[in-house]
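These are the residues of each chain, in order.
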Amino acid sequence: SQTIHQWPATLVQPVGSPLSLECTVEGTSNPNLYWYRQAAGRGLQLLFYSVGIGQISSEVPQNLSASRPQDRQFILSSKKLLLSDSGFYLCAWSVLSGFEQYFGPGTRLTVT
Amino acid sequence: AQTVTQSQPEMSVQEAETVTLSCTYDTSESDYYLFWYKQPPSRQMILVIRQEAYKQQNATENRFSVNFQKAAKSFSLKISDSQLGDAAMYFCLTTSGTYKYIFGTGTRLKVLA
Numbered sequence: 809s810q811t812i813h814q815w816p817a818t819l820v821q822p823v824g825s826p827l828s829l830e831c832t833v834e835g836t837s838n839p840n841l842y843w844y845r846q847a848a849g850r851g852l853q854l855l856f857y858s859v860g861i862g863q864i865s866s867e868v869p870q871n872l873s874a875s876r877p878q879d880r881q882f883i884l885s886s887k888k889l890l891l892s893d894s895g896f897y898l899c900a901w902s903v904l905s906g907f908e909q910y911f912g913p914g915t916r917l918t919v920t
Numbered sequence: 005a006q007t008v009t010q011s012q013p014e015m016s017v018q019e020a021e022t023v024t025l026s027c028t029y030d031t032s033e034s035d036y037y038l039f040w041y042k043q044p045p046s047r048q049m050i051l052v053i054r055q056e057a058y059k060q061q062n063a064t065e066n067r068f069s070v071n072f073q074k075a076a077k078s079f080s081l082k083i084s085d086s087q088l089g090d091a092a093m094y095f096c097l098t099t100s101g102t103y104k105y106i107f108g109t110g111t112r113l114k115v116l117a
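Residue numbers (my numbering), protein chains in the order written: chain A, 809 to 920; chain B, 5 to 117.
If you're looking for bench data, these hints aren't it; they were derived computationally from the structure.
Each hint should be verified, as a subset may be incorrect.
As the list claims (entries may be wrong) - The list that follows gives simulated cross-link-like pairs (lysine to any residue, SDA-like), each with its CA atoms no further than 20 Å apart:
#1 B/K82 <-> B/T109
#2 B/K77 <-> B/Q61
#3 B/K104 <-> A/Q863
#4 A/K887 <-> A/P877
#5 B/K104 <-> A/T818
#6 B/K77 <-> B/T109
#7 B/K104 <-> A/S873
#8 B/K59 <-> A/I883
#9 B/K114 <-> A/S873
#10 B/K104 <-> A/E867
#11 B/K104 <-> A/K888
#12 B/K104 <-> A/R845
#13 B/K74 <-> A/K888
#14 B/K104 <-> A/K887
#15 B/K104 <-> A/Y910
#16 B/K114 <-> B/S80
#17 B/K59 <-> A/S905
#18 B/K82 <-> B/K104
#19 B/K114 <-> B/K59
#20 B/K77 <-> B/T64
#21 B/K82 <-> B/S26
#22 B/K74 <-> B/Q61
#23 B/K59 <-> A/R845
#24 B/K104 <-> A/S866
#25 A/K887 <-> A/E867
#26 B/K59 <-> B/S46
The task is simple: from the sequences and hints, build the whole structure.
Okay, here's the thing in structure tokens:
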């Protein structure tokens, strides 16, 4: 069966510090991978998606970046965090575009 | 552009009763998919049910079923025999087979004991 992991679960970082959130998927090959952000009480905003190693598409211009160094690994990064980067970050995978997505447990990021 | 509208920010249901969550969407695509996801207090998104637009038969998953009205672009979720564990935020979403999944704003469901 397939599983998706995210870490860390919770993170508190000062403004201006770097960020690295990691997502890994097990039990499937060449998944589509997604990063979402969810503000409190709001819906999900797509940040990045990837259809293969090294292939990253950005949906929203911001100070975040994403990388996919391995088939089942997706990393969300920032060189300098802003207060507005606080939120709940969810990683998801799907077999193909248009199919159901499966989400990780999420990372709660607080920028102070 | 695709849009999804959930007009009920919050709903309440008595335990063991039935509740229906509304969702309407707009799309110019001829082929698309619709989903309901549940987000409990843990905030992990959990797939509840999936519907292919080309299928006329309404999808069902145990106590969860949908009423898919393609002409009206309506995709409501019915939860039968509501349980305390059903309390969560429910999101309706659609995709036309690309990377873009369009989410509604969500409906918070409270289950009263």
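- Please name the hints from earlier in the document that this structure breaks, with their numbers sorted from lowest to highest. 5, 8, 9, 11, 13, 14, 18, 19, 23, 26
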